[in-house]
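Chemist: For the sequence shown, position 94 (counting from the first letter as 1) is numbered 287 according to this note's numbering, and the numbering increases by one without interruption.
Any given hint could turn out to be false.
[Claimed, not checked] With a cut-off of at most 20 Å between alpha-carbon atoms, the simulated DMTMM-like pairs for lysine to aspartate or glutamate come out as follows:
(1) 426 with 386
(2) 404 with 380
(3) 415 with 386
(4) 352 with 444
(5) 297 with 269
(6) 297 with 317
(7) 437 with 448
(8) 447 with 291
(9) 282 with 247
(10) 437 with 389
(11) 437 with 317
(12) 426 with 444
(13) 282 with 318
(14) 282 with 320
(15) 352 with 380
(16) 426 with 351
(17) 281 with 269
(18) 242 with 351
(19) 374 with 338
(20) 270 with 247
(21) 297 with 263
(22) 374 with 351
(23) 281 with 380
Please keep in mind that the hints were generated in silico from the structure rather than gathered at the bench. Here the structure is a predicted model, which means the values were calculated and not measured.
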Amino acid sequence: MAPKTLDDYAGQEHIIGKGKLLRRAIEADRITSLILYGPPGTGKTMMMKALAKEMNIGFYYVKCSELLSEWYGESEKNISEVFAIGRKKAPCVLFFDEIDSIGKRRDSYTSDDVAPRVMSVMLEELDGFKSKKNVITIGATNAPDQLDPALMRPGRFDKIIYIPPPDAPARSQIFTTNLSKFLKSLDLRRLSDATEGFSGADVASICQEVKMQLVRDKLKGKPTELLTGHVMKVVSSRRPSITKRDLREYDLFKEEYGERK
194 MAPKTLDDYA GQEHIIGKGK LLRRAIEADR ITSLILYGPP GTGKTMMMKA
244 LAKEMNIGFY YVKCSELLSE WYGESEKNIS EVFAIGRKKA PCVLFFDEID
294 SIGKRRDSYT SDDVAPRVMS VMLEELDGFK SKKNVITIGA TNAPDQLDPA
344 LMRPGRFDKI IYIPPPDAPA RSQIFTTNLS KFLKSLDLRR LSDATEGFSG
394 ADVASICQEV KMQLVRDKLK GKPTELLTGH VMKVVSSRRP SITKRDLREY
444 DLFKEEYGER K
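Starting from the given sequences, assemble the full structure and let the hints guide the process.
Modeler: Structure representation (structure tokens):
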């Protein structure tokens with residue numbers, strides 16, 4: 194179940210909670226661009242979608258890898274068209290997912306790579322958007338180490354923010370949101386402790402599997418009471434999608450580039 198507002202969003206209250214600097218700054222039009230980085234499944238897209246809904250502005254999702262074309266000039270045209278839509282539909286959020294696919298480091302280019310031309314257009318558009326206070330441009334990536342430093346230079350993106358896996362209270366909230374009908378019979382602390390290191394998407398997937406099992410049991414005429422042990426059985430069959438090595442890589446990136454909030 195996706196959060197409807199920022200107040201429903203579990204796990205990043207230090208970033209977008211009521212009264213927090215980032216939320217106040219965005220709402221006051223003092224921030225026009227962000228880079229969000231972190232493991233897959235931590236809710237980068239959902240967070241910004243909830244933000245747009247709360248601000249009552251449009252949200253336009255762009256999967257950057259789909260902007261790339263084998264035809265000469267087509268990739269650059271696609272990027273320019275996205276920014277043109279942003280200007281036309283303002284106020285709005287332009288959300289560039291997998292921004293590393295069009296903003297990758299220059300030392301990773303191949304001889305036939307379109308990336309240099311694409312990067313040039315992207316930087317030009319970003320520079321031209323700095324005066325557009327009613328368009329929030331957001332880039333999201335699971336691989337921040339692949340981003341070209343020119344893209345992350347202050348003035349291009351106002352903020353660079355790490356979105357970590359949910360902590361214990363956040364995981365508990367995800368269980369609460371997804372299994373709201375069964376809370377009286379569940380030990381949320383035990384469940385949140387058992388899912389340490391899991392992403393928000395991992396926990397939501399566990400809840401979905403639990404509910405599907407209840408449906409199967411009901412169709413077979415079995416009891417449909419949900420207890421902590423039933424959820425733990427599913428948890429024990431899963432492994433976090435985020436590895437410790439992944440988390441170390443994000444820590445190294447933070448050490449090198451810091452975190453602009």
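Chemist: Next step is simple, just say for each hint if it's right about the structure.
Modeler: Hint check:
no.: 1; hint: 426 with 386; verdict: holds (14 Å)
no.: 2; hint: 404 with 380; verdict: holds (17 Å)
no.: 3; hint: 415 with 386; verdict: violated (29 Å)
no.: 4; hint: 352 with 444; verdict: holds (17 Å)
no.: 5; hint: 297 with 269; verdict: holds (15 Å)
no.: 6; hint: 297 with 317; verdict: holds (16 Å)
no.: 7; hint: 437 with 448; verdict: holds (17 Å)
no.: 8; hint: 447 with 291; verdict: holds (19 Å)
no.: 9; hint: 282 with 247; verdict: holds (17 Å)
no.: 10; hint: 437 with 389; verdict: holds (12 Å)
no.: 11; hint: 437 with 317; verdict: violated (37 Å)
no.: 12; hint: 426 with 444; verdict: violated (32 Å)
no.: 13; hint: 282 with 318; verdict: holds (16 Å)
no.: 14; hint: 282 with 320; verdict: holds (19 Å)
no.: 15; hint: 352 with 380; verdict: violated (38 Å)
no.: 16; hint: 426 with 351; verdict: violated (44 Å)
no.: 17; hint: 281 with 269; verdict: holds (19 Å)
no.: 18; hint: 242 with 351; verdict: holds (19 Å)
no.: 19; hint: 374 with 338; verdict: violated (42 Å)
no.: 20; hint: 270 with 247; verdict: violated (31 Å)
no.: 21; hint: 297 with 263; verdict: holds (17 Å)
no.: 22; hint: 374 with 351; verdict: violated (41 Å)
no.: 23; hint: 281 with 380; verdict: violated (49 Å)
In summary, the structure is inconsistent with hints 3, 11, 12, 15, 16, 19, 20, 22 and 23 from the numbered list given earlier, while agreeing with the others.
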